[in-house]
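S.K.: Sequence:
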Amino acid sequence: MIKTITFDFGGVLYDYDGEILLERLASRSKGTLNDLKALLKESELDRAHFRGEIEAEELLNVLEDLVGLELNVEELASAYADSVQPKEEMFELVRELKVNYNLQLYSDTPKILYDRVITDMPIFELFSDVILSFRVGKLKDSPEGHREVIEKAGYSPGEIIFIDDRGEFVDQAKELDINGIKFTSINDLIEDFAGLGVKLDGKFDV
1 MIKTITFDFG
11 GVLYDYDGEI
21 LLERLASRSK
31 GTLNDLKALL
41 KESELDRAHF
51 RGEIEAEELL
61 NVLEDLVGLE
71 LNVEELASAY
81 ADSVQPKEEM
91 FELVRELKVN
101 YNLQLYSDTP
111 KILYDRVITD
121 MPIFELFSDV
131 ILSFRVGKLK
141 DSPEGHREVI
151 EKAGYSPGEI
161 IFIDDRGEFV
171 DQAKELDING
181 IKFTSINDLI
191 EDFAGLGVKL
201 DGKFDV
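Residues 1 to 206 (our numbering) make up the sequence shown, in order.
Don't take each hint at face value.
[Said to hold, decoys possible] No farther apart than 20 Å at their CA atoms in a straight line, the calculated lysine to any residue pairs in the SDA-like style are these:
| # | residue 1 | residue 2 |
| --- | --- | --- |
| 1 | 98 | 122 |
| 2 | 203 | 188 |
| 3 | 182 | 202 |
| 4 | 30 | 58 |
| 5 | 41 | 66 |
| 6 | 174 | 150 |
| 7 | 111 | 54 |
| 8 | 138 | 122 |
| 9 | 203 | 86 |
| 10 | 152 | 2 |
| 11 | 41 | 168 |
| 12 | 87 | 119 |
| 13 | 98 | 119 |
| 14 | 41 | 16 |
| 15 | 174 | 139 |
| 16 | 199 | 95 |
| 17 | 98 | 152 |
| 18 | 111 | 72 |
| 19 | 199 | 101 |
| 20 | 203 | 88 |
| 21 | 30 | 70 |
| 22 | 41 | 78 |
| 23 | 199 | 90 |
| 24 | 111 | 78 |
| 25 | 182 | 171 |
| 26 | 203 | 99 |
| 27 | 203 | 171 |
| 28 | 3 | 20 |
| 29 | 174 | 189 |
| 30 | 87 | 98 |
| 31 | 203 | 187 |
| 32 | 37 | 70 |
| 33 | 87 | 185 |
| 34 | 41 | 22 |
| 35 | 3 | 148 |
| 36 | 37 | 22 |
| 37 | 199 | 187 |
| 38 | 30 | 20 |
| 39 | 3 | 190 |
| 40 | 30 | 62 |
Source of the hints: derived by calculation from the structure; they are not laboratory data.
Owing to the predicted nature of the structure, the values given are computational and were not obtained by experimental measurement.
Build the full structure now, drawing on both the sequences and the hints.
M.R.: Rendered as structure tokens:
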């Protein structure tokens with residue numbers, strides 16, 4: 001029986017458009033959009049930022065040295081905020097699930113995005129546990145964060161569902177016997193819930 005449902009942030013609860021962030025940075029630097037993509041799109045520098053090994057201010061200093069970026073921390077926070085858009089229907093689903101299930105949030109995210117965007121989510125308080133890459137020191141392609149999901153839930157892996165829009169992260173969860181769902185749409189998610197016996201009683205009744 002499912003006891004805990006764990007959600008990813010970007011791509012599941014919020015739409016994320018990294019191009020918006022990169023275009024904003026490129027417009028404030030001497031580098032091109034392709035230069036910024038090479039420096040930040042799943043690069044080791046970007047991964048270090050998401051693992052919490054470098055703070056936002058240090059990241060900006062590195063980018064200033066490399067491509068002449070002229071941006072302060074507040075402007076970076078604003079750029080991150082503009083790159084995500086809430087999925088209101090997913091918020092409704094989370095509220096309905098909270099009636100019967102323990103809910104968690106597990107996100108690969110830098111501290112600046114967590115502090116300035118994630119904590120402002122209207123459903124943030126519904127999550128009993130928040131597992132974050134910059135606190136764990138590892139990204140979702142490693143097992144450490146998924147183990148923390150299990151530990152904080154206090155249930156066996158088979159009683160937990162992990163939802164992410166990236167299949168490789170779902171596979172990592174499955175390796176620890178967590179029920180993994182690759183998010184594609186809310187309708188498909190509800191069908192997946194039905195297959196796992198998740199109870200929904202309101203608008204999203206399965």
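S.K.: Indicate, hint by hint, whether the structure satisfies it.
M.R.: Consistency of the hints with the structure:
1. Taking the CA atoms of residue 98 and residue 122, the gap is about 14 Å. The hint holds against a cut of 20 Å.
2. A hinted pair counts as satisfied when its Cα atoms are at most 20 Å apart, and residue 203 with residue 188 qualifies at roughly 15 Å.
3. For the proposed pair residue 182 and residue 202, the alpha carbon gap of about 23 Å is over 20 Å, so the pair is violated.
4. Taking the CA atoms of residue 30 and residue 58, the gap is about 18 Å. The hint holds against a cut of 20 Å.
5. In summary, the hint linking residue 41 to residue 66 is supported, as the alpha carbons are separated by about 15 Å, within the 20 Å threshold.
6. The suggested pairing of residue 174 with residue 150 holds, with an alpha-carbon distance near 12 Å, which does not exceed 20 Å.
7. Straight-line distance between C-alpha atoms of residue 111 and residue 54 comes to about 10 Å, which keeps the hinted pair within the 20 Å bound.
8. Distance hint between residue 138 and residue 122 is unfulfilled; the C-alpha atoms sit about 27 Å from each other, more than 20 Å.
9. The hinted pair formed by residue 203 and residue 86 meets the criterion: a straight-line CA distance of about 19 Å does not exceed 20 Å.
10. Restraint check for residue 152 and residue 2: the C-alpha separation of about 15 Å stays at or below 20 Å, so the hint holds.
11. Under the criterion of a C-alpha separation no larger than 20 Å, the hint pairing residue 41 with residue 168 is consistent with the structure, at around 17 Å.
12. A hinted pair counts as satisfied when its Cα atoms are at most 20 Å apart, and residue 87 with residue 119 qualifies at roughly 15 Å.
13. For the hint pairing residue 98 with residue 119, the CA-to-CA distance comes to about 18 Å; that is within 20 Å, so the pair holds.
14. Pair hint residue 41 plus residue 16 holds up; C-alpha atoms about 13 Å apart against a cutoff of 20 Å.
15. The hinted pair formed by residue 174 and residue 139 meets the criterion: a straight-line CA distance of about 16 Å does not exceed 20 Å.
16. Taking the CA atoms of residue 199 and residue 95, the gap is about 13 Å. The hint holds against a cut of 20 Å.
17. With a C-alpha separation of about 17 Å, the suggested pair residue 98 and residue 152 falls inside the 20 Å cut-off, and the hint holds.
18. Between residue 111 and residue 72 the CA atoms are separated by roughly 15 Å; this keeps the pair inside 20 Å, and the hint holds.
19. Taking the CA atoms of residue 199 and residue 101, the gap is near 9 Å; set against the 20 Å cutoff, the hint holds.
20. For the hint pairing residue 203 with residue 88, the CA-to-CA distance comes to about 13 Å; that is within 20 Å, so the pair holds.
21. With a CA separation close to 9 Å, the supplied pair residue 30 and residue 70 stays within the 20 Å bound.
22. About 18 Å separates the Cα atoms of residue 41 and residue 78, which keeps this hinted pair within 20 Å; it holds.
23. Of the pairs offered as hints, the one joining residue 199 and residue 90 holds, with about 16 Å between alpha carbons and a cut-off of 20 Å not exceeded.
24. The straight-line distance between the Cα atoms of residue 111 and residue 78 is roughly 14 Å, inside the 20 Å bound, and the hint therefore holds.
25. For the suggested pair residue 182 and residue 171, the alpha carbons sit about 9 Å apart, so the restraint of at most 20 Å is met.
26. Taking the CA atoms of residue 203 and residue 99, the gap is near 13 Å; set against the 20 Å cutoff, the hint holds.
27. Between residue 203 and residue 171 the CA atoms are separated by roughly 30 Å; this puts the pair beyond 20 Å, and the hint is violated.
28. For a cut-off of 20 Å, the pair hint linking residue 3 to residue 20 is broken: about 37 Å separates their Cα positions.
29. Pair hint residue 174 plus residue 189 holds up; C-alpha atoms about 17 Å apart against a cutoff of 20 Å.
30. Restraint check for residue 87 and residue 98: satisfied, since their Cα atoms lie roughly 17 Å apart, inside the 20 Å limit.
31. At most 20 Å may separate the alpha-carbon atoms for a hinted pair to count; residue 203 and residue 187 meet this at roughly 12 Å.
32. A distance of roughly 17 Å separates the Cα atoms of residue 37 and residue 70; the hinted pair therefore holds under the 20 Å criterion.
33. Taken as a hint, the residue 87 and residue 185 pair is honoured in the structure, with Cα atoms around 11 Å apart against an allowance of 20 Å.
34. Between residue 41 and residue 22 the CA atoms are separated by roughly 9 Å; this keeps the pair inside 20 Å, and the hint holds.
35. The straight-line distance between the Cα atoms of residue 3 and residue 148 is roughly 16 Å, inside the 20 Å bound, and the hint therefore holds.
36. For a cut-off of 20 Å, the pair hint linking residue 37 to residue 22 stands: about 7 Å separates their Cα positions.
37. As the CA atoms of residue 199 and residue 187 are separated by approximately 15 Å, the hinted pair is consistent with the 20 Å bound.
38. For the hint pairing residue 30 with residue 20, the CA-to-CA distance comes to about 17 Å; that is within 20 Å, so the pair holds.
39. Pair hint residue 3 plus residue 190 holds up; C-alpha atoms about 16 Å apart against a cutoff of 20 Å.
40. Restraint check for residue 30 and residue 62: satisfied, since their Cα atoms lie roughly 13 Å apart, inside the 20 Å limit.
In terms of the numbered hints stated before, the structure departs from hints 3, 8, 27, 28, listed from lowest to highest.
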